[in-house]
Structure formats: structure tokens, C-alpha cells
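S.K.: The chain contents come next:
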Amino acid sequence: MRRFLRPVALLLLVTPAATSLARSQVATRQETIVIEMGREPITPIPTLTRGNTAAQQVSDMLFLPLARLGPNNITAGDTDFEPQLARSWRRRDSLTLEFEIDPRARWHDGVPVTARDAALALNLARDSTVSAGTALLLRRVASVTPEDDRHLVVRFSEAYDEQFYDVVFHVSPLPAHLVDTVPRGELARSAYAAAPVGNGPYRWVRRVPGQQLDLAADAQFFRGSPGPRRVTVLVVPDPEAQINLLLSGGADVLQSLGPVTNVARVTADKRITIYPVPSFTVGYLLFNQRDPADLARPHPVLADRDVRAAIAMALDIPALVQATFGPWASVPVGPVPQLSWIRDPAARVAAANPAGARALLRARGWSDTDGDGILDRAGKPLALSLNFPATSSPRAQLALLVQEQLRHVGIRLELNRLDGSVWSERRDRGNFDIDFSSATLDPSPSGLVQSWSCAGRGGSNVGYYCDPKVDALLGQAQHDRKHALSLYREAVRALVSDVPAVFLFSPTSPYAVSSRIHRVDLNPVAPFSALWRWNPGPLP
Amino acid sequence: MIHWLLRRSLQAVLTFLVVTVLLFVLMRLTPGDPLQRLAGDRQVSAAEAAALRRRFGIDQPITTQFRTFVTGALAGDLGVSIEHYPTRVSTLLVSRLPASLLLGGTVLVLTFGFGIALGALQAVRRGRRVDRWLTRVSLALYAMPSFWLGLVLAWFFGIRLQMLPVAQMHDPLFDPEATWLAGAGDVLRHLILPATTLTAVSLAAVMHYQRTALLEVLRLDFVLAARARGLPERQVLWRHAWRNALFPVVGLLGLWLPMLVTGSVFVEQVFNWPGLGHLAADAVGARDYPVILGTAMLVSAQVLLGGLLADLGYYALDPRVRRA
Chain A
1 MRRFLRPVAL LLLVTPAATS LARSQVATRQ ETIVIEMGRE PITPIPTLTR GNTAAQQVSD
61 MLFLPLARLG PNNITAGDTD FEPQLARSWR RRDSLTLEFE IDPRARWHDG VPVTARDAAL
121 ALNLARDSTV SAGTALLLRR VASVTPEDDR HLVVRFSEAY DEQFYDVVFH VSPLPAHLVD
181 TVPRGELARS AYAAAPVGNG PYRWVRRVPG QQLDLAADAQ FFRGSPGPRR VTVLVVPDPE
241 AQINLLLSGG ADVLQSLGPV TNVARVTADK RITIYPVPSF TVGYLLFNQR DPADLARPHP
301 VLADRDVRAA IAMALDIPAL VQATFGPWAS VPVGPVPQLS WIRDPAARVA AANPAGARAL
361 LRARGWSDTD GDGILDRAGK PLALSLNFPA TSSPRAQLAL LVQEQLRHVG IRLELNRLDG
421 SVWSERRDRG NFDIDFSSAT LDPSPSGLVQ SWSCAGRGGS NVGYYCDPKV DALLGQAQHD
481 RKHALSLYRE AVRALVSDVP AVFLFSPTSP YAVSSRIHRV DLNPVAPFSA LWRWNPGPLP
Chain B
1 MIHWLLRRSL QAVLTFLVVT VLLFVLMRLT PGDPLQRLAG DRQVSAAEAA ALRRRFGIDQ
61 PITTQFRTFV TGALAGDLGV SIEHYPTRVS TLLVSRLPAS LLLGGTVLVL TFGFGIALGA
121 LQAVRRGRRV DRWLTRVSLA LYAMPSFWLG LVLAWFFGIR LQMLPVAQMH DPLFDPEATW
181 LAGAGDVLRH LILPATTLTA VSLAAVMHYQ RTALLEVLRL DFVLAARARG LPERQVLWRH
241 AWRNALFPVV GLLGLWLPML VTGSVFVEQV FNWPGLGHLA ADAVGARDYP VILGTAMLVS
301 AQVLLGGLLA DLGYYALDPR VRRA
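The listed protein sequences derive, respectively, from chains A and B.
The first sequence lines up with residues 1 to 540 when you count with this note's numbering.
The second sequence lines up with residues 1 to 324 when you count with this note's numbering.
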């Protein structure tokens, strides 16, 4: 009996000790903002974060860029940018930009931020051995030179509208005194990457691998004193665990609530406030214009523009989006997210027209000769398959609705719910009829070139869409600042009329934030860049 | 004894090698692209994709990949994780092992401790009310999906009553320099819900094994002889019958030892417990080949070790095995 009682007595001793300690932590908890992220923000260092949204979001708290994109997200020119590390800038000529670094800016180890730091980061990012992605984006930067501690000069190989955007959006300065001795390509594995020194409102404290990351407010931050004294990022991949943690008060911020039912569940809790944050994401049904069995040949059905148009006409897109997302998505016109500056507010998606779709298909020789409800031509039924990733519940739900609406016009749609990596592999190999794609774009509309130009075929343009007219318009738009907006919009109109895809949704992310936090400001491009201005109140 | 142990160990090593080769080949044959998770919804240029494939060596032929893996593994290097780059797989496994051992060990102790005790109680009280109710309750718990029970417990004790933490292994704001006692208390609070969930759904099997085994032994002649000799019932039950009824449970324990490292994938996910099961599930979704292989090797080693330990248990407990 004694042997049994001993561990029980120990338990009784330990639990109150832990509880009393928890009480002493209340003050700390109150000043801390706990953010849940679905992925681990490994190496949250500018130039290394591409592809890892969590790392990018943490990086936004640790590091400042030279300038930040303003509320209108206009990437052409420099009028919609707000100064950050750069106090000012000027254009010397069409190929040269000069930045002046704010003399108050300091790294977290106390060393002043200089033009050399900005030059180092930009030159690292231009090196494809460090980051192939950013090197491609900065391919038109010819040289980056610090003229002195305060002045940075960037020269370009050609004149184009987004020179300023390219320099300030993709890269933030790195501390040259700590990084320039690290061999290129080794930055991710360096001692610096294990405990990065930044210049933003928060400094690095510690990382518990796979579990959490702690940041502390930098009292010397030159743009003001951060409100929340600590930020803790919890790595919580499971959506149910995320919601439970939020509702139990264990976390303050959750940026991805998943299905609409989760939004309703969280909204019902008065301790949580939902903030809608529009996104740069577009979801669409991408048509493969090549035969999946032999990519050298046109697709036997979808190479026909009228068949693609009939599929688009058959779908009641606003109804589909409303049924799936409720108010948490809008219908895009073309591959243009709701936040893009080239979005045409007057443009509308054509209303569903199943009768017109049937007529169009009949004109192309598709009719129901055997009375089975599915159209056929030359003995072959109008049957297509739709691939989508099993991990995306909105896409799974939409796929079912699309299948049903297409059935009404006589098209049989087979749904292939695939493991994420299998879906992606098939997509990249062109092994699909229709792919349920979702792309998160950079704010720059120049990204349209990757997915929708003739040159992009076989690369990012996995549907093999090609229209030289669209290519020409996109090319002109990038170099003609005066007419860029109208040229981009014309390119989008031409693209939409070719029906390379059915553009379905551009989601709005419901960010769940504890109601004790006030002055919440969530920037769609960098959600936590203004977190230092938030004001955490007492715990409920 | 030594000869037997050597023979069993050699068999285990050979099995481990075959399993490792099979795992490597099967994994590479499975469709899927590890770059999908790295890219997310972002468009990746061909140059970027090629650079990523080069970095992780997945642009090489499978034979080259296998040679690289074997060379590294022999030197104790299981490679670099794709998802957690630049973290090494061995570092990841070592960092996740304590959490898995703690949860798995606690569940094993609770499951076998309570399972054996309750199973024995059922056998002794066979057919009575306590036996019937224990069977009903344990089977009901056994029939519940662990993730569902975990969610219910998390909702009730974590959200509704706000009594217990619903996720993590530590309080995120816990001072790493706090006393050992405070640290143990913090971990204990976080352990309660996942350990209870796993124990609840696992208990029925051990109870059932123990009950059946003890009932069978209680019918044997030597028990009758012990009673005839006038030994007290407690002594008959625990010294003679129960010890002989332990063999099937020891075999079951050997099979369950891998749970020490893998725990339950679903329960680890629901409670965000930072164990190896969680890591393995994420790695499968991300096609993080080196991590999948590392965790699978660890599990297969554990299975083989469990079998070996179970045999040793039989050897120690049953004189007939020693004589054979």
C-alpha cells in the first residue's frame, strides 16, 4: 500500500507547485501574443523564407524591409510604398535607384544598419545557389552598391515599371557584420540561421524545434516601442488542435480556420474576434489543352475553345462560391486576386447559362444519342476527370458541386481526390484533364507571365495555354507605365475569352484573434508586420 | 542461453536490413512529389524546382540515392529532412524521442497496470456485476476512435471546464529555468489528456487477455492441488495462478513495445504532442523521404526488439522454455 501511496503523494505535491507557478505566469501571458501556425517557421531569414509562409511571417517581425507595399498594393512605380529601413529614395535615371538608410535603425546587437547590409542581402538573393527563386525574380537587377554607410545604389539592366517593387519586396537587409563571413549557400545551416539577429520590432529569443518559437520586444526599436512584450509562435499542424487551443485560451491568434463551419464555431465564442483579410489567392479549374497520354498532341476534348466555354457557361459560379465559402470568398474575373491593383471592379463574371452551354456543345457535335443523359460524339461520351488535393476541403466540396452542375448539361465528370503530393506530381506532368488549382500570387501582376504565357508552357503553365496576343499585351504592360493598368486589364479580358480555366474563387482569410487584443491591424501581404502596434488587454 | 540469444539477435538484424531496403524501394515507388509541400500554392519556376531537387538529391537515379543513403546510414547519418531543412533526420528523431517515450511509456504502464489488475478482478469475479460492467465499459471505450475520444476529452476538460491543457507538452510560456519539480508538474498536466485517451482505448485488449488467461489457469489441476493443500485463496490466486496467466500478456507487451516510440499518430496530432508519430504523419504527407525512412527504421527496430524482449520474458517466466 505504501508503494502505491508514494507516487500519489508525489503527484499531489507536484500539481499544486505547477499550478502556483502558472499563476505567477499570468502577467507574462497577458503581455504575450501567442500565434498558432500550421508549419514550423524554420530559418525565418529574408532570402531563405520563400515557400514557407510561416517563416516569412516570423521574418516580418524580426526584419524590416527598405520599404513596405502600401494599402493599394500598387507594385508599379514607387508611389504606393511606405518607408521602413529606407528613410527616402530617389530615381537617378530610368536604370538607377538610390536609397537612403534611416540612421536610427539598429540591429538587435546594437550595430547600426548600413547600406552595406542592404547590398549584402540583395546580392545574396541574386545568387541562385542561395535562392533560385529570388535570383529569378531579381534577374533584371544589374548591380547593388553601397556608396557609403547611408546610401545604396541599385542599377537595372532594363527600364521597367516594377524596379522599386523588385528591390524592396523580395528581400530585407541582413547584418553584414554577421553574415558576410558565412559561405554562400551555407546560410541556412549557419550559426546565424540558428539564432538570427534582426532589426525589426522583435528580437529572437529561442526555438524549441517542432514546437515553438519565442520573440521578445526590442525596447530600442527606432520606430516606436512595441505593445506586446513577447510573441510566441506555436507550431500546430492539426486543424482540430488549432481550434481547441484557440478556444481554450491557449493561443491568441489563428490565421486559418478551415471550413466555414469552423468560422461559425469560433464566431460563437465572445472571447474571439474574426478579422477578414483578403488574399492574393485564386482558385480555378485549369483545363489541360494537351492530351495527358501524349503531351505532343492536343487534348481530344479540351483543346476545343467552345467546349471549354460551354463548361464555364454551365457553372453558376457565384452560387458555388456562396455555398462553399459563404461570405469568405469573392468570384474573380480571370487570374486576378481580389487585392490585385489590376483588378477591374467593373468586370463581372457571366451569369450561368446551361441552355447556352448545351447549344454550344451541340454545335460542336456533342449530343446524347443513346439517351443516357451524357453527351457523346462518334461513340465517345463527353467524360472528363477533375483532380484535386484531398487536403483542401473547400476544393473537395466545390468539386462535388461542379460535378453536379456539369451533369445537368450532359458532361460526366469523374472526381479524383488525390494525396497532395500525388496531385501536385500529376499536375506538373500534365497528367490531368481538369486540375483544381489554387495559386497564391505575389502582388505583382507580372507573375501572370509564368502561368499564362506561351513561354511558360511546360513550366508553370501546366495547362499549355498559349495566346500570342495575351503575351504581347503582358509584355507591353510591364514596360509602359502610363498604360500599364489598361494593358493588364486588356490582357486579362483576352485571356478570359480564351477560357484556359474557370476562375472560381479568391478567398478572404478569417483571422481569429483574442478579443482582449485591441488595435489589431493585419496587412494582407505581411499579416504580422504591424503586430508591434497591437495592444493586448487583460486576460479574460 | 547465449547461443539462443545470438541466433535470435542475428535473425533480428537480418530482418531489419531487409525491411530497410524494402522501405527505401517502396517509398521511392510511391507516387508523389516532395516539392509540393515546399512550394505550397506558390508557383515554382523550373530553375527553382531543379535547385530544390538537387539540394535533396532527389534528382539522382534511385540506385545513386540508395548508395548515398546506405553510406550515410552506416556512418550514423540518415540525411537531411526535406520539410525541416536544414535539420538532420537524426537530430529530429532524437528531439522527438523523449516526448514519444514519455507518452508511450505512460500509456504502456497505465494500460498494462490497470489492464492486468482489472482483467484479474474480472476473472475472479466472473459472471458477477463488476465483471459484466467492466466488460461493457472497456469494450465501449475500445470501440471508440482514439482521435474522437481525444477531441471529446479536450472539449470537455480543456474548453468547457478549462481544467487541463488541450495541446502541447509544455506551457509555451513556461520558464525553461524553473525548478525540476515545476517542470514535471507542467508536463504532467499536459500528459493527462493524451495518456488518458490512449489508455482508455487500449485497456480492453489487455483486460480481455488477462481475464481469459486467468480463467483458463484457474481451471487447471495445479490450482486445484494448491487449494487442496489448504493454501489461502490469495496465495493460490496470486502466487500460483496469476503468474502462469501472465504469459499471453507478456507476449502482448512485446507487440505493444513499438508504441513507446510511435505512440498514436492521431492522438499526437489531436493534442499536438511533439512525438515521433506526429513527425512521421507529417513526413508522409510531405513525402519527406529521409524522415519517413528514419522513423520507419526506428519503428521496425522497436518491433524486432519488442519480439526479442517478449521471448526473453517467456524465457525468464516459463521453466519449460528454458528447458526446451
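If you're looking for bench data, these hints aren't it; they were derived computationally from the structure.
If you're wondering where the values come from, they're calculated on a predicted model, not measured in any experiment.
The beta-carbon is built from N, C-alpha and C at its ideal position, and this holds for glycine as well.
Among the hints, a few may not be true.
Okay, the calculated bits of chain B under chain A, using three or more residues with CB under 8 Å as the criterion [to be verified]:
#1 27-33
#2 168-180
#3 222-228
#4 266-272
#5 277-287
Computed spacing ranges between beta-carbons, pair by pair [what the hints assert, rightly or not]:
#6 A/Gly-38 <-> B/Ile-62: 30 to 38 Å
#7 B/Asp-77 <-> A/His-177: 58 to 66 Å
#8 B/Ala-50 <-> A/Arg-140: 19 to 27 Å
#9 A/Asp-372 <-> B/Arg-132: 53 to 61 Å
#10 A/His-177 <-> B/Arg-8: 42 to 50 Å
#11 A/Gly-371 <-> B/Arg-136: 52 to 60 Å
#12 A/Gly-38 <-> B/Ala-50: 24 to 32 Å
#13 B/Val-70 <-> A/Arg-92: 39 to 47 Å
#14 B/Leu-26 <-> A/Gln-476: 48 to 56 Å
#15 A/Gln-30 <-> B/Leu-26: 35 to 43 Å
S.K.: For this structure, which hints from the list above don't hold up?
M.R.: 3, 7, 10, 13 and 15
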